[in-house]
Structure formats: C-alpha cells, structure tokens
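Asks: If you read the protein sequences in the order shown, they are chains C and G. According to the numbering used here, the first sequence is numbered sequentially starting from 1. According to the numbering used here, the second sequence is numbered sequentially starting from 1001.
Hints were generated in silico from the structure; no laboratory data involved. Note that beta-carbon positions come from the ideal geometry of N, C-alpha and C, so glycine has one too. Don't take every hint at face value.
Below, in silico cross-link-like pairs of lysine-lysine (BS3-like), each with a Cα-Cα straight-line distance of 27 Å or less [to be verified]:
1) G:K1111 with C:K78
2) G:K1078 with C:K78
3) C:K75 with C:K51
4) G:K1078 with G:K1048
5) C:K78 with C:K51
6) G:K1048 with C:K104
From the derived model, a few chain C residues whose C-beta atoms are all more than 12 Å from chain G [said to hold, decoys possible]:
7) T9
8) D15
9) T17
10) M41
11) T47
12) S62
13) R63
14) A65
15) P76
16) L77
17) W83
18) M84
19) R88
What follows is each chain in one-letter form.
Protein chains: 2
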Amino acid sequence: MSPDRLSSTFAALADPTRRAILARLASGETSVTELAEPFEMSLPAVTKHLKVLERAGLITRSREAQWRPCRLDAKPLKRAADWMEQYRRFWERNLDNLEEYLRKLQHQEKKHGRKK
Amino acid sequence: MSPDRLSSTFAALADPTRRAILARLASGETSVTELAEPFEMSLPAVTKHLKVLERAGLITRSREAQWRPCRLDAKPLKRAADWMEQYRRFWERNLDNLEEYLRKLQHQEKKHGRKK
C-alpha cells in the first residue's frame, strides 16, 4: 500500500535536516551544492533528503536550467496545516484554562494583600 | 541522538491509524479496548500505535482509573502548527496567483464576448 499524501508529508517533515532545507528554500530557489554547504554532510546524503522531500511534493526541481534549482512547494504544508486546524480548539482551550487560573491567582493575591 | 520534539511529533502523525486514534480522542477520553474497536487490528498492534503517540506527548494515559483512559494532548500539535505558520505566506501567495489568473481569464472572456 502506498502511503497516503498526509503521511508522506509528515514523514518528510520528521527530520531536522529536511526542515532546515525547507527553511533555506523559503528564501529562494537554489542549487543542490549551495543547499548542501551549511550542512556537514556529503552531497549524496543531502541528495537522499531532497528525494524524500521531492516525493512528498514539498520541493520541485526545475528541468529547464542545467543547474536544476530546487524550489519550495508549500501545497502539502497547506494540507497538513488544514488537518491540524481541527485540533486548534484543544490547544486554545488549554490557553483559556491557563488564563482563568492566572486570573484566579491574581484575585486571591489581591484578597490576601487586603488582609495584611 | 534522541530525536527532537518536532521530529517525534511529525513521525507520530505520519500514520493514518494514529491520526484516526487522535480524531477519536478529540471527542473524549476512552479506554484502549474501545479505541481498538473500529480498527481491524489486534490489541497489541493498537497498543504499539498508542505508545508512539504517548512518547510524542500527543496522548496521556491516566494512572488513576483502573481502565487507564487515553486522552488527547494537543500541545505538540500547537508547536507543529506554529512551525507550519512560517510557510503560510507561500501557500497564500499561490492562492493569490490563482485568483489573479482567474480574474484575467474572466476579463478576457468578457472582451471575447463583446466581440461576438
């Protein structure tokens, strides 16, 4: 069974080097050699990461220019973010609870202060 | 090297069964047996998925009740969504380009319509 698109996206993102490559490509397209520079990694190792990103549709490589620049493609990220959106109410509820707790704490401190 | 938190989160999400478990837990805490029911999977297989989710901090298991209910913890999802947020401008730019393209197309169709 071929993995579904969302699984491929998340699997590709589950690596700090691959996320760093995406961050680099966010500032513009670049060649593989340039991409490899900041990582203390062999060119084949970087190429392997690029292949994972390419299969997940997160980067595209131009077939026109001879230096075949890599470019970020954010469409899979949008789908992943859309999936995450359904859980927003949970983390926002956590923040609401924290706010309520802090409000109560403040209120108690005020009462305590008055008694002194 | 232990994987960083963001990598653990994405690796845990890179599986349709684990995402389905999270979706189920979004509607309330439940026991492992109940969780396993909709999946045509052995209990040990489901337990394995739960362990991955637990290690990634996406679920917690109560130590109080004897049936040890599982509960969703959305904090890692918030961090993952925050990471994704930095790429929003890329997918929104894509949508802007599409809108502009459709506007041009409409404009051309109007011109064409007038000529007839």
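Asks: So, for every hint listed, does it hold in this structure?
Replies: These are the hints, each one checked on the structure:
1. Restraint check: the Cα-Cα separation between K1111 of chain G and K78 of chain C comes to about 35 Å, which exceeds 27 Å; the hinted pair is violated.
2. Pair hint K1078 of chain G plus K78 of chain C holds up; C-alpha atoms about 15 Å apart against a cutoff of 27 Å.
3. Distance check on the hinted pair: K75 of chain C and K51 of chain C sit about 17 Å apart at the alpha-carbon level, within 27 Å; holds.
4. Using a Cα cut-off of 27 Å, the hinted pair K1078 of chain G and K1048 of chain G holds, with the two alpha carbons roughly 24 Å apart.
5. Restraint check for K78 of chain C and K51 of chain C: the C-alpha separation of about 20 Å stays at or below 27 Å, so the hint holds.
6. For the proposed pair K1048 of chain G and K104 of chain C, the alpha carbon gap of about 40 Å is over 27 Å, so the pair is violated.
7. Chain G draws T9 of chain C into its interface by the beta-carbon criterion, the shortest separation being 8 Å against a cut-off of 12 Å.
8. For D15 of chain C, the condition that its CB be more than 12 Å from all CB atoms of chain G is violated, with the nearest at approximately 6 Å.
9. Its beta-carbon lying about 10 Å from the closest one in chain G, T17 of chain C breaks the requirement of being farther than 12 Å from that chain.
10. Against chain G, the non-interface label of M41 of chain C holds: every CB pair exceeds 12 Å, the least being about 14 Å.
11. The Cβ of T47 of chain C lies farther than 12 Å from every Cβ of chain G, with a closest approach of about 20 Å, so its non-interface assignment holds.
12. Distance check on S62 of chain C: its Cβ is at least 17 Å (rounded) from any Cβ of chain G, clearing the 12 Å threshold; non-interface status holds.
13. The Cβ of R63 of chain C sits about 20 Å from the closest Cβ of chain G, beyond the 12 Å cut-off, so the non-interface label holds.
14. With a cut of 12 Å on Cβ distances, A65 of chain C stays outside the contact zone with chain G, its closest approach being about 21 Å.
15. With a least CB separation of 9 Å from chain G, P76 of chain C falls inside the 12 Å interface cut-off, contrary to its annotation.
16. Under the 12 Å C-beta cut-off, the non-interface status given to L77 of chain C relative to chain G is violated; the minimum distance is some 5 Å.
17. Distance check for W83 of chain C against chain G: the nearest CB is about 8 Å away, which does not clear 12 Å, and the non-interface claim fails.
18. With a closest Cβ-Cβ approach of about 5 Å to chain G, M84 of chain C is found to fall inside the 12 Å limit, against its non-interface label.
19. Not every beta carbon of chain G lies more than 12 Å from that of R88 of chain C, the smallest distance being close to 7 Å; the non-interface claim is violated.
Hints 1, 6, 7, 8, 9, 15, 16, 17, 18 and 19 from the list above are not met by this structure, while the remaining hints are.
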